[in-house]
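Just so you know, the sequences run in chain order A and B. For the first sequence, the numbering used here begins at 10 and goes up steadily by one. For the second sequence, the numbering used here begins at 1461 and goes up steadily by one.
Derived pair list, reagent style DSSO-like, types lysine-lysine, alpha-carbon separation capped at 30 Å:
| # | chain 1 | residue 1 | chain 2 | residue 2 |
| --- | --- | --- | --- | --- |
| 1 | B | K1569 | A | K226 |
| 2 | B | K1534 | A | K221 |
| 3 | A | K293 | B | K1569 |
| 4 | A | K202 | B | K1478 |
| 5 | A | K226 | B | K1576 |
| 6 | B | K1544 | A | K295 |
| 7 | A | K207 | B | K1483 |
| 8 | B | K1576 | A | K207 |
| 9 | A | K207 | B | K1531 |
| 10 | B | K1536 | A | K226 |
| 11 | A | K52 | A | K171 |
| 12 | B | K1536 | A | K293 |
| 13 | A | K207 | B | K1488 |
| 14 | B | K1534 | A | K207 |
| 15 | A | K207 | B | K1544 |
| 16 | A | K82 | A | K148 |
| 17 | A | K226 | B | K1595 |
| 18 | B | K1531 | A | K295 |
| 19 | A | K207 | B | K1478 |
| 20 | B | K1569 | A | K221 |
| 21 | B | K1534 | A | K202 |
| 22 | B | K1544 | A | K293 |
| 23 | A | K295 | B | K1536 |
| 24 | B | K1595 | A | K221 |
| 25 | A | K207 | B | K1569 |
| 26 | B | K1534 | A | K295 |
| 27 | A | K207 | B | K1598 |
| 28 | B | K1519 | A | K290 |
| 29 | A | K202 | B | K1576 |
| 30 | B | K1519 | A | K293 |
| 31 | B | K1544 | A | K202 |
Note that these hints are calculated values from the structure, not bench results.
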Amino acid sequence: MSDSQERFNLRRLKTSYLTTIISISLVLFMLGLLSLLILHARKLSDYVKGNIGFSVILKENAKEVEIKELQKKLDASDFVKSTNYINKDEAARILQKDLGEEFLNFLGYNPLSASLDIHLNPNYANNDSLSIIEQRLMKKTIVKEVVYQKNIVTIVNENIRKISIIILFFSSLLMIIAIALINNTIRLSVYSKRFLIKSMQLVGATQGFIRKPFVFKGIMQGIYGALISIILLMGLIYIASKEIPELFVLKDIRILLIIFSIVIVLGIILSWISTFFAVRKYLKIKTDYLYY
Amino acid sequence: MDSENIIDLNNISVYQNKVLVLKEVSLKINRNEFVYLIGKTGTGKSSLLKVLYADLPLKEGEATIVGFDLKRIKNKNIPFLRRKLGIVFQDFQLLTDRSVNDNLTFVMKSTGWSDKKKINERLEAILEDVGLKNKGYKMPHQLSGGEQQRVAIARAMINHPEVILADEPTGNLDPETSEGIMELLFNISKSGSVVLMATHDYSLFSKYPARIIKCENGNVIEGNIENNE
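Model the full structure from these sequences, guided by the hints.
Spelled out as structure tokens, the structure:
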């Protein structure tokens, strides 16, 4: 065989090895992306829930000291993420800006009340917690009323629940697809060596001795695949954080480390198990069945 | 089992899947014996050898080879049986993804050799024995059929087995190399091993006379040189 032909054949063999690694890396990339989505879904839902808030309208006669004291107490409580005190003048300025009209001149007095705008801790952003908080606040003498939109709270929670179910469904589906794809890729690669496996058995090698190099190679393919998918994920995160800066949360190092670990562990475990069972199949099979 | 009988078959039947190939085979082969296994194509020679190296299960009869009970042998013990046998396959069964040296080293390592120096010494000696001294670096596909056959023979002999089962080991060889291989196999049998060789090459019988067993019409019978010509 000529040198060029030999080089061509060697290149083809390397390409098939590379193709296996790339297939594994693409599947792991998808799994990494999904993990990114799942781990950030919680953050995003907390972010949306954290924007749910309500206004505590204060009575006309409420003194500044009493208001500050109430604000301090609220800031210290579990259900509050942040509070913002808006006095009568500021409320008028905000409304004037929204309306675009000098309504104070028209009315001749400021009808608005001072209020405390409260953003909730995400865990308490539901109607049940809100009604308990409302009851508690209404007992305070300086509180006139508590205003919030019940519908929005319900709709936000309902949507988050729906999205979570959809994400969970697709995660499970993708996980099954990933396992099937990696398993199939590795099985095909082992299938091409089935006669070698049989020859090794015929010369007296034990199953463990035959299996070891295959499993080692499978694990290495899993590791290479995982490393490639991590590079792809990092590239994607970099581009996303440049193009959509609001997604700055994606730069959370702790979450990234968790995702990269998941990708590496999945790469190793999936290729390990797939190789183990693929080789086992040909170790157990009768010689005649190798030809089918 | 008689201690002299390395191979002891007692009324065994050989099946390929569910098809009966040989029936009621009884055969005893002692140490130092060289035995030809002859018969037309498809008469069950290879199947009988496959039973002996436990590639085909023994369903009927009793059989022992190098102390292993073929009817009751467990899967996990089959590699240890094969380590006591040297098998030359009709289709060579070389590991096509590695060189001749690596083929032979694989067998040594898988059977417990670990000392690199000893492995290399044995490698050199066995390649010289089969006339492939400078071809250890070659891949199987770079060798001729005869050379591949010799690698298969080298592999079978590498662990000094008690029994050599050879399925047409001279089938692809030129007369000169054939003779060299026959010398080799005869010497092995003289040194205490059993050689059971399936062959169609009847011309060997006159130069290397030995016991002949014939597969015919589903039976195994003792033969002789005259009635096989």
